[in-house]
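Peer 1: Protein chains in written order, with our numbering: chain A, 1 to 476; chain B, 1 to 567.
What the hints contain is simulated information worked out from the structure, not anything from laboratory work.
Heads up, simulated DSS-like pairs for lysine-lysine below, C-alpha to C-alpha not over 25 Å straight-line: (1) A:345 to A:378; (2) B:533 to B:482; (3) A:412 to A:437; (4) A:437 to B:352; (5) A:210 to A:186; (6) A:460 to B:256; (7) B:533 to B:480; (8) B:27 to A:370; (9) A:392 to A:345; (10) B:27 to A:364; (11) A:102 to A:131; (12) B:473 to B:42; (13) A:45 to A:83; (14) B:116 to B:42.
So you can see what is in the structure, the chains are spelled out below.
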Amino acid sequence: MSSIFLVRFLRLILISTLISPVITPSKPSDPEAQRALDQVESLLKDDSANPRLLAARGIALGRLGRGPEGLRSLEQALAISPKFLPALEGAAEIGYRDHVPKAALFLKRVLELDPDNAAAHAMSGSLAFEKSDCAGANAHFSRAEKMIANDSLVMAQWGECLIASNQSASGAERLRTSLALRPNEKVQYDLALALHLAGKDSEAIEAAAKLRVDSDSENLRGSIYASQNRVPEAIAAFRKAAELDPQNEQNYVDLVSVCLDHQSFDVAKDIVNAGIANLPDSAALYTLRGAIAAQTSDVEQSAADFERARRLQPDRSYGDLGLSLLLRQQDQIDSAIAVIRPRLKKSPDDATLNFLLADLLLRKSEDPGKRSEHEARKHLTKAITLEPDLAKAHAALGKLLFQSGEQEPALKELKRALELDGTDRVALNQYVLVLRKLNRNEEARAAARQLQEVLAADRKSEVEKNRFRVVRLPAQ
Amino acid sequence: MIGLAAAGALRAQGVVSRQATPQARGKASGLPFNASFEDIGKAAGLKYPTVYGDVDHKDFIIETVGCGCAFIDYDNDGWMDLLVLSGSRVSGTPSGTSNRFYKNNRDSTFTDVTEKAGLLHAGWASAVTVGDYNNDGFDDLFITQFGQNLLYRNNGDGTFTDVTEAAGLLDKETRWGAGCSFLDYNRDGHLDLFVSNYLQFDFEHAQKPGANSNCTWKGIPVNCGPRGLPFGRHSLYRNNGDGTFTEVTKDAGISKALPGYGMTVVAADFDNDGWPDIYVACDSTPSLLFRNQHDGTFEEVGLLSGAALSDDGMEQAGMGLGIGDVRLTGNLDIFKTHFADDTNVLYLNDGKGAFEDSTIKSGLAVETRYVGWGAGVVDLDNDGNPDLFFVTGNVYPEVEKEIPNYPFKTPRIIFRNLGNAKFEELNGQAGPGIAAAHSSRGCAFGDFDNDGDIDVLIVNLNEPPSLLRNNLKSNNSWLKVKLVGTASNRSAIGARVICSYNGKRQAQEVMAQSSFYSCNDPRLHFGLGTATKADLEIHWPSGLKQTLARVKANQILTIREPAKTKL
Numbered sequence: 001m002s003s004i005f006l007v008r009f010l011r012l013i014l015i016s017t018l019i020s021p022v023i024t025p026s027k028p029s030d031p032e033a034q035r036a037l038d039q040v041e042s043l044l045k046d047d048s049a050n051p052r053l054l055a056a057r058g059i060a061l062g063r064l065g066r067g068p069e070g071l072r073s074l075e076q077a078l079a080i081s082p083k084f085l086p087a088l089e090g091a092a093e094i095g096y097r098d099h100v101p102k103a104a105l106f107l108k109r110v111l112e113l114d115p116d117n118a119a120a121h122a123m124s125g126s127l128a129f130e131k132s133d134c135a136g137a138n139a140h141f142s143r144a145e146k147m148i149a150n151d152s153l154v155m156a157q158w159g160e161c162l163i164a165s166n167q168s169a170s171g172a173e174r175l176r177t178s179l180a181l182r183p184n185e186k187v188q189y190d191l192a193l194a195l196h197l198a199g200k201d202s203e204a205i206e207a208a209a210k211l212r213v214d215s216d217s218e219n220l221r222g223s224i225y226a227s228q229n230r231v232p233e234a235i236a237a238f239r240k241a242a243e244l245d246p247q248n249e250q251n252y253v254d255l256v257s258v259c260l261d262h263q264s265f266d267v268a269k270d271i272v273n274a275g276i277a278n279l280p281d282s283a284a285l286y287t288l289r290g291a292i293a294a295q296t297s298d299v300e301q302s303a304a305d306f307e308r309a310r311r312l313q314p315d316r317s318y319g320d321l322g323l324s325l326l327l328r329q330q331d332q333i334d335s336a337i338a339v340i341r342p343r344l345k346k347s348p349d350d351a352t353l354n355f356l357l358a359d360l361l362l363r364k365s366e367d368p369g370k371r372s373e374h375e376a377r378k379h380l381t382k383a384i385t386l387e388p389d390l391a392k393a394h395a396a397l398g399k400l401l402f403q404s405g406e407q408e409p410a411l412k413e414l415k416r417a418l419e420l421d422g423t424d425r426v427a428l429n430q431y432v433l434v435l436r437k438l439n440r441n442e443e444a445r446a447a448a449r450q451l452q453e454v455l456a457a458d459r460k461s462e463v464e465k466n467r468f469r470v471v472r473l474p475a476q
Numbered sequence: 001m002i003g004l005a006a007a008g009a010l011r012a013q014g015v016v017s018r019q020a021t022p023q024a025r026g027k028a029s030g031l032p033f034n035a036s037f038e039d040i041g042k043a044a045g046l047k048y049p050t051v052y053g054d055v056d057h058k059d060f061i062i063e064t065v066g067c068g069c070a071f072i073d074y075d076n077d078g079w080m081d082l083l084v085l086s087g088s089r090v091s092g093t094p095s096g097t098s099n100r101f102y103k104n105n106r107d108s109t110f111t112d113v114t115e116k117a118g119l120l121h122a123g124w125a126s127a128v129t130v131g132d133y134n135n136d137g138f139d140d141l142f143i144t145q146f147g148q149n150l151l152y153r154n155n156g157d158g159t160f161t162d163v164t165e166a167a168g169l170l171d172k173e174t175r176w177g178a179g180c181s182f183l184d185y186n187r188d189g190h191l192d193l194f195v196s197n198y199l200q201f202d203f204e205h206a207q208k209p210g211a212n213s214n215c216t217w218k219g220i221p222v223n224c225g226p227r228g229l230p231f232g233r234h235s236l237y238r239n240n241g242d243g244t245f246t247e248v249t250k251d252a253g254i255s256k257a258l259p260g261y262g263m264t265v266v267a268a269d270f271d272n273d274g275w276p277d278i279y280v281a282c283d284s285t286p287s288l289l290f291r292n293q294h295d296g297t298f299e300e301v302g303l304l305s306g307a308a309l310s311d312d313g314m315e316q317a318g319m320g321l322g323i324g325d326v327r328l329t330g331n332l333d334i335f336k337t338h339f340a341d342d343t344n345v346l347y348l349n350d351g352k353g354a355f356e357d358s359t360i361k362s363g364l365a366v367e368t369r370y371v372g373w374g375a376g377v378v379d380l381d382n383d384g385n386p387d388l389f390f391v392t393g394n395v396y397p398e399v400e401k402e403i404p405n406y407p408f409k410t411p412r413i414i415f416r417n418l419g420n421a422k423f424e425e426l427n428g429q430a431g432p433g434i435a436a437a438h439s440s441r442g443c444a445f446g447d448f449d450n451d452g453d454i455d456v457l458i459v460n461l462n463e464p465p466s467l468l469r470n471n472l473k474s475n476n477s478w479l480k481v482k483l484v485g486t487a488s489n490r491s492a493i494g495a496r497v498i499c500s501y502n503g504k505r506q507a508q509e510v511m512a513q514s515s516f517y518s519c520n521d522p523r524l525h526f527g528l529g530t531a532t533k534a535d536l537e538i539h540w541p542s543g544l545k546q547t548l549a550r551v552k553a554n555q556i557l558t559i560r561e562p563a564k565t566k567l
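This is chain B alone, in the form it adopts within the complex (with noise of 0.2 Å):
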């Protein structure tokens, strides 16, 4: 009877959390990881900080949700440069707040020149999509706010200019727009666009820390929510082809869905049918699936595909999400980052759109001290077995003053991929960056000094982000593949590329946000093991199939999409 009493009184808190046990840890393999991480960040002239709320207290849950990052190469120098996001605090914008845009200079340093491309702007930033709307052959910028969303159409001259309203993306109330992302989901050759959004929030109305039971953590009072706020709203625009965008979230079927506190969205080809569908992760309430139907609407299948709950039918605080082929099957894993006392999650795709929750089997759940956030399934020490990163960071800075076990600031995790999708989280082996404590939020991944291993650019709380160089010491190969799209739309979002080496087969798609928040590097990066050469196999938004036998490694390879008669 004491035991159910007991049970009754970890339900109500504003966010889930399950109250999951860590699995215990198994023996540990021994096996040298190679990859090793130093925050370069300071040093590579990333200063500003990511303003977001007070240091030391958080009254609002805006103040503790954070942003994104994104990697672009918006002067198509081959060089991957930098958008960090900012919010803002309630007690007033400090000087000098505001997104950053970093320029690559190729040494691994970078510089500032948010000004002059005209990205100056501060608010309450959420999340960012990086894509070229109008195949003008430069890379766009869409980045969800509380308030007015923006679009940044790149003049391809090194500036940006605001065209949110002339694209017909204004709202006509207040929202908290939160993850976004670029997709062609009518497969025209148009990048649509995908926007969830978080939840109904509004300063004046909103409860003080402790006002309800939705305002506490563990009997600590805490800023209120996500429970017993309103939800958010998610939004589809269809790409009208002329650099406007209409609603059409209604007829498409996304209004259907069950509400929830949407966050990080991923569109991919999840039941592998040609057609690009959307995945959106949701705080303390079942996560989303929407099937591409091919007739330009969708069926949210979240709970009948298995990839709405925990295996017992739990709702998560689900933030972040990597995609991945963990077990080199050609399908799209997907890894998704919870609250603090929960484990994370690791869904199996089984190719047809179906999934098995495979947390335990795959070793994951031996994990549950960390907030998760920006995660990805990214092959790290390139291996040729893709491994999961993630960041952490409390959301309550208060927690830690009472329960010291609950601290604002923690580590980066690895779990690395020994085959046949089980892991083994890391612990001190790879590196100072690693094991560095920030509250971070979003994170991108992506290979910033070209160097053939994976680097990776942090979104810190109230601090400079973090840029995390891999000092990789391994003779394994690599290969890079830049796509770009002809008939498809010229970034290629959606194109999904098959990589066959060593035996192995692993399928990347080309996706405009994952991870927090945040746009990775839109170079698909293969780690080869040994191999020297690898087959590809591209399947193209359009619909074509392009293969390229014997590709050497160790380079990046921009391939352009061929005119079909070519094929």
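The shape of chain A in the complex, shown without the other chains (with noise of 0.2 Å):
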């Protein structure tokens, strides 16, 4: 899934640049504007002061193209009147149509003195939704709803951000207004994302139809393909995914992932080679081998990719979280330890290495109550601030004061790691412990209860995935 994340990221950035909404555009040659900027001027001569007149006379020059003088106007209007609306909502208008940095300043001004201002929470919208504001964006949008239901482009933006704010199915509905108003490949794309990412995989696969053959949307197909098990038409659209962009790293990453799912690590290692032979300085994929290889017990590639991958990309942690791993599988926990640290000193505030740090150092501790014990609970302390909801950490957390015999705020922890993520085991099993000890025996009971259930969920996709091995075809 890593890649759909990565192109819809991309698809953020690329969109914003098309996008022009719900502002009145400027026409050089418009005659009534003319005719306005005339009639203020003159007045202007009499009352230069008059902020109701500077405020006409930049409007007007902003509808004529003339933004840099319209906006002039429209601020000498403010820095005498300071709240008068029209000449916020010009200046507003004006400033989000020109790219001013200061556009979202008026906007926010405008909204301040009327807050059910359609068009200033649409042009807000779309600002957040260019700054990858998609919480700011969705509200805004919300606010605006009617007045851009028409607009094909902001609807496609609301859409992605809605995607981005895990709210697919909705942001769906808004791709295929956005679609009906006019068709466009890239919303189309979008669309069957957001379907994907919505668990409507069948619809997904209607909407990606649609789609021109490309390495992107064979990425997508073989996504969608990949999470209904459908593992041989998933192998064959990541397949020509990488055929049709052999310099895409993601999709070797995607293609491996699924052979590993399948615990096919033969095929996993040629697709890895073959991305190594077109992309020798992938990082990534130097580090999925060294994982391969990992699974395959021959340590000594293993560690051998994982330092090249280090090297490749001294600034991003793949090697390093790669080796540490190894090593923590080698059972050399103090070496692992050794890679985390430098690395942790160079990246303080990453959550993820704080609480691998923390996972390391627990698995290190001979006994509750030693120094790495308490070092390892600094560390999921840490990453929780850094990333309120990183689930795992909590619930580590949660364990953790339980074994120190912290019940209650083990209690408190091991809620929130449930509350992030309800099939998180270590939170469930060490949440029935803490209510059992607690004598709270029916909350304990109906604990138990949904463990079961996620038990028997986990059972019955595990089987769905093994339906599959994915087998190294003869060469021809």
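Got two chains here, separate frames each, mind docking them using the hints?
Peer 2: Encoded structure:
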């Protein structure tokens, strides 16, 4: 799925440059605006500090495509009368249209004076979208829904942002509206993506069928098939994606992921090797090959690949994370910690690294209460501060607290972990045990039932996943 | 991202393994360990191999699981005789293959009396439970198999009779009987029977190695399963008191449990309410704990009690079970063995049937290299603290050719008890019998030479069994307690003995199965350390409580259940 997110964010950036919503377009030859300007200029000769006249001149200039001059006039009006709404609206409109950084400030001031101003919300939404602030964009777009309903580009923006906010089903609705107004290849792609993320894979396949064949669309098709456990189709689509764009490492990563899910290490290795042949400097592919080698107990190859990944991309954590996992697997906890510590020193605010170090320290700890356990607790707390939604960190901290006899704080952490991820088995199992310890037996029983449901669902999913094994085809 | 991809790859294989990282080993205690084990199996006359599948490759899961063994005093002469089960081969059963029964010659040798005893049988045997189901004074045998399970009645004259059909234990379909245990779940004085079934298997539809993701291990094609194969169903049979049994699986609530791949069964009172509960080690699925509700029914409480999963909520490949009081609290703790790349687990019992996974705290997580099978919580050096012993052996002979780190034959393991539920793995300190590598499965603990220490009988696949004689060099005292029920079932299965010595208080219970598919010497063995006397508290299944004060050490004490009025 990682490719999907990568593509999604790329598209967020790309599409934002194509959109110009709701604002009245400028027309250099607009006779009405020209007449208005002439009149206002005349009146200003006698009343040069009149904010209304200054604002009118600014708006007229803006309509005539003379944005910078218009904005200057509007700012003069606002200097005299800061809460003069028409001046603020005009400034916001010109600022938005001409990509002036102050536009957001003008819009904010408009909305302070007129909170239901749909146009201001629409523009604020687009600006938020451009800044990848999807929470802000969604909030603004939802308050301008009627106004933007017939704007295909803004609806596409909103759809994108809803996907990014894990509201893919709602996103798909907006994208469908956008497409009905104006067909667009990129929006079509996003619709297929949204439907896939919303779990509506049959509809996603239909939407993807309308896309032209390229690496991205094949990759998306592969992901949809993979989630439907249509393994042969998924493999074919990922293979085609890699053929169409052999320089895109993500295509190899996705293809290998399917193979690994089905324990086909030999095929996975072939694919990674093909990828490395095309992309000899890909740290991600070396890391992946290292992980495959670790799975087949080829420790030497694994270590060499992780080391190579580290050298190729020293600013990323791939190689270090891989190497530390390998060392952990090889019963070399101290060495694994030694790999992670300098990485964490460079990036102290990386929640994953904090969590990983805590995990290693807990494995190292022979006895509760020892120093490594205290340090683990510190890193878990930091990981949670940095990423409050990191369910695994809450679960690990809850477990640690329970083991230390701190039952109520443990319960709080475990509850939070389960709010974030109701299927987290560490959290669920520990939650049952803490409740039982606290003699809250009915709640413990309910949690045990929930755990049983999670186990059954995992089992079902595994059965589905294991139906296929990807095999190496004979050389032709 | 890459890490996640790799982690995903760990999931798909036929048997679960958590890819647990071994805990760092602490500093060695440096304390001497006075028990030393020597394999005298061959010299003792245990010559028949346990045939189980092909030697260098195993195409089907049925060839891999193996079977158990038992200590049984079938002729009541006070010396433990031996039963060693056997399997078969897909290509055909080799001549001489059979379960084997060895009579104790009382001189550290044994005589094969299988044929004479009427116990010649070749098939895919799994487990054995020993108990006097008809209360006639002689212990009987129940053996599970792929195919039809077998109930052998001890005729009291050195022979056994197959009474499976007469007892109403014939199955209508082919099942793969796994763990089994006699128990008196309704405390009526007659031994009932619980049988776990591993999975549904038939040669006709079985897939070949590498056929799908459940048929690979670390990328190497191996026999398929257990994952991907249909679960077995567990059964409870009530003893009607007239030599016959009635299946009560549904009425007793056993069939309500989450299905799984059931293996070794232990019946014991885990919540100290005086009624036997049932624990089933399950492979790759949550283990089951059936709590006895005192009305002929059980409630499955494995997840609720904390004894079903690892402490991180993952299924483990539960195979063998050691049951004992490792902290000397008077409660029965559970030690369960698992697959390679996972820790075994120690669940500490709070006395109310709630368990805490103490694997890491207790120092057991240092060992993850081997596939663990038969296990025991047994005081090997008579120091008064029960130790942990287990046998190991991989299931995939094909793998070691590709990955030498996973050999097929592996050593036996001892974790000595340092007190306070802390354990230390012994490394080369317990004699050649421990270091020797075999692909072992079941093992049973008992004192075949009546010299006051614990010896071990071990099933080795496609090899003769090992008989590890404990050459204990120590002045520590011991006490063996043999219980004979009167109002209770005659084998006293389910009786609890609490032995107090040197300020310590240890609980043991008479069980009809533990380890892996095996049955131990029914005489409860207590190491007493330096104590010369011990106090005993006996809780009979009938409900009687009996106390004996200042019992002399270093003896095998037989206690017959008294009539109520004599207490």
